[in-house]
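Participant: Below are the chains, spelled out letter by letter.
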Amino acid sequence: MRQSIRASITIRGETMGQATLKITPPNVPAEKVSGPWGDAWRAFRKNKTAMLGLCIIVFFILVALLAPLLAPYGYKEQELVNRLKPPSGDHWFGTDDLGRDMFTRILYGARISLWVGFFSVIGSIIVGTLLGVLAGFYGRWIDMLISRVFDILLAFPSILLAIAIVAILGPSLRNALLAIAIVNIPTYGRLVRARVLSLKSEEYITAARAIGMKNSRILLTHILPNSLTPIIVQGTLGIATAIIEAAALGFLGLGAQPPDPEWGKMLSDSRQFIQKAPWTVIFPGLSIMLTVLGFNLMGDGLRDVLDPRMKN
Amino acid sequence: MSEILLEVSGLKKYYPIRRGLMNQIRGYVKAVDDISFSVARGETFGLVGESGCGKSTTGRSLLRLIEPTAGEIRFEGEDITRLSLEAMRRRRREMQIVFQDPFSSLDPRNTVARILEEPMRVHGTGDARQRRAAVERLAEVVGLTKAHLQRYPHQFSGGQRQRIGIARALALQPKLIIADEPVSALDVSIQSQVINLMQDLQSEFGLTYIFIAHDLSVVKHICDRVAVMYLGRIVEITSKHKLYESPQHPYTQALLSAVPEPDPNIRKERIILRGEVPSPANAPVGCAFHTRCPRVMEVCRNVRPPLLETADGHFTACHLYVDSAPASQTRN
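Chains as they are written, first to last, in the numbering used here: chain A, 1 to 312; chain B, 1001 to 1332.
Simulated from the structure, these hints should not be mistaken for lab results. These numbers come from a predicted model, not from an experiment. Among the hints, erroneous ones may be present.
[What the hints assert, rightly or not] A few chain A residues that face chain B, going by a derived Cβ cut-off under 10 angstroms, partial list only:
(1) Glu203
(2) Ile211
(3) Met213
[To be verified] The calculated DSSO-like cross-link candidates involving lysine-lysine, where the alpha carbons are at most 27 angstroms apart (straight line), are:
(4) Lys1146(B) to Lys1240(B)
(5) Lys1175(B) to Lys214(A)
(6) Lys1012(B) to Lys200(A)
(7) Lys1220(B) to Lys1240(B)
(8) Lys1012(B) to Lys1240(B)
(9) Lys1175(B) to Lys1012(B)
(10) Lys76(A) to Lys276(A)
(11) Lys1012(B) to Lys214(A)
(12) Lys1242(B) to Lys1220(B)
Using N, Cα and C, we set each Cβ at its ideal position, and we do this for glycine too.
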């Protein structure tokens, strides 16, 4: 749509010249409803490292879901004649000390690690958010009580606390998951508490009270949705931490029990063969590294997009 | 004066100052210190004063968004300070507020349609279809189009956002709207638009406004009666005309003398006040203004002057006028 105006310039009856004025209508953006999530996604897509992280995560999720289809062997299947064989056409990642196919076990291991990562973080987020909201919104002694409990939990090194919890509950993957979830509650709790405290003084919360909203409804419709972005960012980064913690517990024999193919457990089982059969250690280690890297890259990207103030 | 809609008497809001290990109360910030006034149905009542004088605290106390420390607030004859929280919540549909900052008073994650519908949903008025129709009507009333409804607050200018805030306040068809400096965050060119809109809405819906402002020219334009506040107290209440023509309280006189005059040929004497506003945590004994008053007398330092009717419909809290009060009847 281009319009032009032709005009002759006439001074004292003489035509001095002609001018063409081209008018391009100003760029009117298309009437598009861009909600906060749509905006965030558009910005996220431009962030290359974050998209790489997302790709890694999607790759491992697919691997985990399709493990039974992709795996050439069963993860418990032992071929004692083929013990500690190096990578070959039959066994892409080699075999371990019981002659089990490492490739198969890595594939199944993705299930365990992602499962622990996702669910422990979801657990921490649910409990942490609940406590954080209570502390931030209601304040007074509730805040005192909850904040002090968080302080106590944070005073222990997280892996030590997780070990203690597993020691009490007994070593198993489920208990390891529970322990990791409990250990990480204060991280989310404090985050949400701080967010709620700052939101509480926002005028739109006062506005919600002025129209006669109940506190519970204000919490659900205004405070929680507005606290969501830091939780998402922290949660994504938290999955990476949880995966490492699960691997550490597995390595210590407190997480997944044999014959479950947990990556950390695989590392500890094979560490005596590290010289003779390095592939038994390299592949589980690489898998842990890659997944954690994926979540960290994506988490950083999400933070840039959703919560620019947290950037250093 | 016509029927009284809101009657405030002895309203106080004190914030305790806590210090020390045991959080002992060491004093009070007297944000609002014993003020009384009444507002007639359909009028626009101005509350003016410099920042920190307790205007906004008063406005919010009236809706119990801030719980008053003491005093009565009679809305249509009923003392709302005694209402239970639940009863107050339901009563709020009749008294609404428009906020000063149009950028923080709208939830950034909600569309305009949602923001406007929310009050109706909270009070369960109408079904979804009726509410949507009401939202569209509201938008139209404040000069927004249907297309605006699906947008988010950050896509609007300050003036438009303030219109949304006004539309939200109107959603429940309230009788009273407390406008807490509704235009002071806006450009001057937009201010008049919003004020004209508010005036149109007032005549259309028969609204009563309590208009809080520090801009005296805006107050002159929109208000019928004005109360001047200083340090948590009302020093003068009168009609707009009397206030601007014959201000009585020395503080009001000083305040008005600071209003710039558009005509450069008119020379007027500015009354320059010396010193700072005292802290409301440590308000002066007697008249709050005595530390800065150019006409201070001995009595001012000891006795708090009552708000007395010094002329017809003109109330002043100043010892200069105590004797001239016809019958020393206190304003309730």
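Participant: Each hint should be assessed against the structure and marked as holding or not.
Facilitator: Against the structure, the hints:
1. At a threshold of 10 angstroms, the smallest CB-CB gap from Glu203(A) to chain B is about 4 angstroms, leaving the interface hint in force.
2. The interface hint given for Ile211(A) is met, as the beta carbon of that residue sits about 4 angstroms from the closest beta carbon of chain B, less than 10 angstroms.
3. The beta carbon of Met213(A) comes within 5 angstroms of a beta carbon in chain B, closer than 10 angstroms, and the hint placing it at the interface holds.
4. Pair hint Lys1146(B) plus Lys1240(B) does not hold up; C-alpha atoms about 38 angstroms apart against a cutoff of 27 angstroms.
5. The hinted pair formed by Lys1175(B) and Lys214(A) meets the criterion: a straight-line CA distance of about 21 angstroms does not exceed 27 angstroms.
6. With a C-alpha separation of about 24 angstroms, the suggested pairing of Lys1012(B) with Lys200(A) holds against the 27 angstroms cut-off.
7. The straight-line distance between the Cα atoms of Lys1220(B) and Lys1240(B) is roughly 6 angstroms, inside the 27 angstroms bound, and the hint therefore holds.
8. The hinted pair formed by Lys1012(B) and Lys1240(B) meets the criterion: a straight-line CA distance of about 25 angstroms does not exceed 27 angstroms.
9. Using a Cα cut-off of 27 angstroms, the hinted pair Lys1175(B) and Lys1012(B) holds, with the two alpha carbons roughly 24 angstroms apart.
10. The hinted pair formed by Lys76(A) and Lys276(A) meets the criterion: a straight-line CA distance of about 22 angstroms does not exceed 27 angstroms.
11. For the suggested pair Lys1012(B) and Lys214(A), the alpha carbons sit about 25 angstroms apart, so the restraint of at most 27 angstroms is met.
12. Taken as a hint, the Lys1242(B) and Lys1220(B) pair is honoured in the structure, with Cα atoms around 11 angstroms apart against an allowance of 27 angstroms.
The structure shown violates just one earlier hint, number 4.
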